[in-house]
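Chemist: The hints should help you fit chains B and C onto chain A, whose structure is shown.
If you read the sequences in order, they're chains A, B and C.
So the first sequence is numbered by our numbering: it starts at 1 and just counts up by one.
So the second sequence is numbered by our numbering: it starts at 809 and just counts up by one.
So the third sequence is numbered by our numbering: it starts at 971 and just counts up by one.
Please note that a few of the clues may not be correct.
Partial selection, computed: residues in chain A whose CB lies under 8 Å from chain B [to be verified]: (1) 31; (2) 300; (3) 513.
What the hints contain is simulated information worked out from the structure, not anything from laboratory work.
The structure displayed is predicted, hence computed values, not measured ones.
From the three backbone atoms N, C-alpha and C, an ideal C-beta is built for every residue, glycine too.
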Amino acid sequence: MTAGVDARTAPPAVPVAPVGPPGELVRTGETFRVVGTSISHRDFEQKVRGELSYADDWRMPGMLYGRIVRAQLPSALIERIDRSGALAIPGVHAVLTAADVPRNAITEEASGLGMDPIVQPVLAADRVRYQGEPVAVVAAETAAAAEDAADRVLVDYRDHPGVFDPEAALAPDAPLVHRQGNRLVEWRLERGDPDEALRTADAVVEGEYRTQFVDHAYMEPEAGVGWIDGDGVVTLRVATQVIEHAREIAQILGVPHTKVRVIGTYMGGGFGGKEDMTIEPYLALLVWATRRPVKMVWSRQESLLARQKRHPFTMYYRTGVMSDGRIVGETVRIVGDAGAYPLLSPRVLFAGAVTAAGPYDVPNVRVESTAVFTNNVPTSAMRGFGAMQVVFGYESQMDRLADQLGLSRTEIRERNFIKKGGQLPTHEQLDTYVAVRETLQTALEALDEEAGSGDAALDGGDTNAHYLVGRGFACGIQPYGRSRFFADRASCWMGLERDGSAVVRIGVTDLGAGQAASLAQITAEVLGVHPDRISVHIADTALTPLSGGTFGTRQLYMSGNAVLKTARELRDKLAPVATSLLGVDDPAELEFADDRVAVRGGADRFLSLAELSGAAEERGVMPFHLSTFEAETGHFDVRTGRGQTFPDFTFGTHAADVAVDLETGQIRILRYVACHDVGRMINPQRVEGQIQGGAVQGIGYALSEEIRIVEGIPESSLFADYLMPTSADVPDVRAIPLEIGLGKGPFGARGIGEPPIAPPAAVLANAVADAIGVRITELPITPERVLAALRERRGVGADRERGGPTPA
Amino acid sequence: MTARSLVTLELNGERREAWVFPHQTLMEVLRDDLGFTEVKYGCGEGLCGTCAVLLNGESVNACLLFAIQADGCAVTTVKGLSEGADLHPLQRSFLDHGASQCGFCTPGMVVTAYEFVREHPRAGREEIRAALAGNLCRCTGYVKILDAVEAYVRSAEADGSP
Amino acid sequence: MYPSLFDYAGATSWPQAVQLLQEGGEEAKVLAGGQSLVPMMALRLATPALLIDVNGAGDGEPRRESGRLVVPALTRHATLQRSVVVRDACPILAEAASWIGNIRVRHRGTIGGSVAHADPAGELPCSLVALEGAVRVLGPSGERIIAASNFFQTYFTTALEPGEVVTAVEVPVIASGRGWAFLELIRRVGDFALVEAAALIDLDDAGQCARVRLTVGAVGERPVDLSDEAGAVLQNGSIDEASAAEVGRRASAAVDPPDAVHGSGAYRREMVAVYVRRALLAAAARAGRGGAA
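For reference, chain A alone in the conformation it holds in the complex (with noise of 0.2 Å):
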């Protein structure tokens, strides 16, 4: 890996390859100036000083603070509320209620597929359906000034049935979340006859498995300033994954969409979390009724408390197999809680649905995936997205299955693979190549050289510790893009000023991971541009063209596509200039590298692109350019559950082996590989740093982390108490991108935002039980399960000695 290459160091400029559609394998020998450099961007320099501003880090002249007053009980009736106490507090501007909001709805149909919608109000008006909803906001002067005022916010409830479980909340007799019921949405997607296949199995694995709660914890809690501007326009500066919701804003005011102006600054850290609106709607009403600028900033426990989290699935599977070890037949019944409203859910246990036979082609397969209203806090988008709770299901079931043949647990996978032209449960091709065998195959022997190099022996810091070692692998798959039919765009601006230098604008928003650095890249790749002199404007809905938010791993695939068509058709407008001022006839001959444009093997006839940019002008043709980038768009049937679901799909293989301490149940992860199948790198060291935060953030999954909700109610809304791993809590990630097999990104790149959270519980799950010889079933996969485990082995009077990992 070529760490920290500048730009001014990278390979010199030859001739960009031909790069293949689509659906082909990467060529050997395929050359790019910038695409494939580790070069860093300015705002990771930005960032290293300090200087980045992040949505907390602005302040207007008379600027007010904005505090939500939330819900104490997860189900109940508003009898009344009292604001006297809060209005009298001195520098108390506003304290709002439902009926304050002009129109009190955050609507959003969420499935996409003309379902009803259930509405959520901004503001709860006479019930409240999970604790921490917000029951009014208030603004005052100070910061302090506006918790007093929140603190003195006096709320009358009387009690009101709620359901917690979501399987109890689907009883006839449960009491309802909402009126239309508590069924929010239940997908079936079906292949083949899976019931006869299953009765004519030669044997059949069942298994129950369930997920847990748990937090975005991004390092950057949800924040923003807004302010009337000179136009009228009320102005949003947040931390958002979606400049869009501005038309749910404008809604909500009751004003004309172009009344609202959502800026989106670079954040520290979304992950999903801020894919549906957070203070944007609060900012916006104190915003209106004060005519002041106003900060909000959500405390770090009401981010853990109210914010939404990801759905607890409870999944049951049934899996049929020959004896050779091919799978013949699957049900998979998938319920997901949703808590208290719909946001994403539907979309979610889609993509559950969609991945739940995992990257296998199996001939006769039922998915029924169900979501669930509760008076939990609601779920919505979380990284992996429904794809990543499931493969903790069909990963265990297929060592499970492996042990019931006496099949390694590599053989039964491979069986079993998925190839391009194979099918999902909806009936539709795969149109990629499927590089899941390469994934296994490399992530295994990446982690048999690590074992080999012997530096994670087991020291045991503790005394007498007992020891079980096992080794573990998952395969996923994941969705990149959303749903086809979505019918999804993005839309690109790009010019090249006087100078050379190129400004390109658009929507996208900027998590953290280099999005805006990556089309920078894109850019200068076309362009023949230094990405130095690149500049990116991006996430305003004011003045850069709308490409959707940054979520379902769509923004590589969909702005990056944007980007470089919109470069693209840039340099062919204003290649006849170059042709005709260099005097030759066919703009191929044309190189565009090194701020010039060049023809081809004449190394002194060349033009700058700041004399290109002038040239063109004085010609009246204009040096910028608006594009948009369509996906690919499919149709899918609701009702038999076939059609086209995501544009493409990503896979990659983790393993790991593990210690479990025998005592006390702990487990310590020895060393972890992490292989996806990438496609193309725009920026090895950013793809590098996905996987391994996204295997930590999956590990953090897998063992440690949970938001426990009782009876509605957290056990702790302390971040101390929230268990996300340290640096000392997890070895080395090592990361093994690919590129195999061309996607439908830029340059037939695959996305990796999501992917390496999916496969770590998986994996740690299936190395626990290699290492003790019991399944844990249940995450996260705690000591105390572990014992428990370990307690029911000793029941059955089954035994193994201490040893090495079983080979794969």
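Modeler: Leaving out everything else, chains B and C in the frame of chain A:
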């Protein structure tokens, strides 16, 4: 005594004054009154390390120290490490190794690493790993942060100038 | 997120701190390192009307005084960890301090604050009881010294009377040859312990147990002194897997930890057996024959 009092700080080598209420934390005063927004609010519990600054050379939670308590002290933030346009070699190492993703933990992470290497100029990777355990990062998985600090230690050793 | 308003007074001596505390009455709180108090204030779980900052009331350098190690109240955890005097005179205190929070917490947090806060999961209270230490307090009616075993009463409650402040902690110097261990069970590095065990062992010339001190922490309302239970098994016998495990079993039976967010009561009770055994064996491994001076 809920009146404001005048606090004098030597902030990144420069003498600064601020009138503060007793309940204002150093984090709040640095961010809101003095414009040192690189000191980040991450949890307010002293857990996450995004508000870490050096107080007379020692890393502290700026969210858990009242500004009035820092009167007369030297406070160093990440901006105090770089000299004008030149990044401190540790910052340069963070940049070169891709140790920053969203960057929100970076200011606290860098000053913590700076302090640790100053005290332990020959630290190995496992010591660095333990030393940074009090600074959470949600993006990187820590590998590139450790790479960056380790490379800085090695280069400082080579230079003989930690 | 923001503490509510309060008055602030800085004490430049312990007598002044006592005077301020008397004047402030029940609404006054002592501020030392602030690493527990200030988060509680930020979350508005504590809303004192007056904070008496004692950081200027004295020094924070541990010293030996006639066979005892005196640790002034303002000694920071990081100082405990690093101090050559402490490492030499009472290494278990340095070890216990190293388990506290993160580096920033250890830079500010003080031993006086830690003992006055009396968190049952505190590392220092558990160690002090094992060490048979004492707490020096100053109040309106003068100074008194309270044995650690009496000082910690229940959750966040000590033997301090209104108007009293902790000025120092003192422990006997650990004789050379005395074995010690401090272990704790955590789910994540830097977190509060689910179980703590502190053990001190003296061996006789034959390598048999001459004296044992054993305390477990984080599993009840205050540190639990199990030295008698340990002595009943180990006294004049050898400390090996079997005997240490027997003490572990008895220790486990002697505690009844409540359920906590990160560990059920039943699990923590089971872990007491493991950590007691491990601590005893680790302490015995460090002990030298004839160490009982």
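Chemist: Each hint needs a verdict: does it hold in this structure or not?
Modeler: We went through each hint and held it up to the structure:
A cut of 8 Å between beta carbons decides the hint on residue 31 of chain A: the least distance to chain B is about 23 Å, and the hint is violated. Look at residue 300 of chain A: its Cβ gets to within about 4 Å of chain B, closer than 8 Å, so that hint holds up. For residue 513 of chain A, the suggested interface contact is upheld, since its CB lies about 6 Å from the closest CB of chain B, less than 8 Å.
Going through the hint list in order, the structure does not satisfy hint 1, though it satisfies all others.
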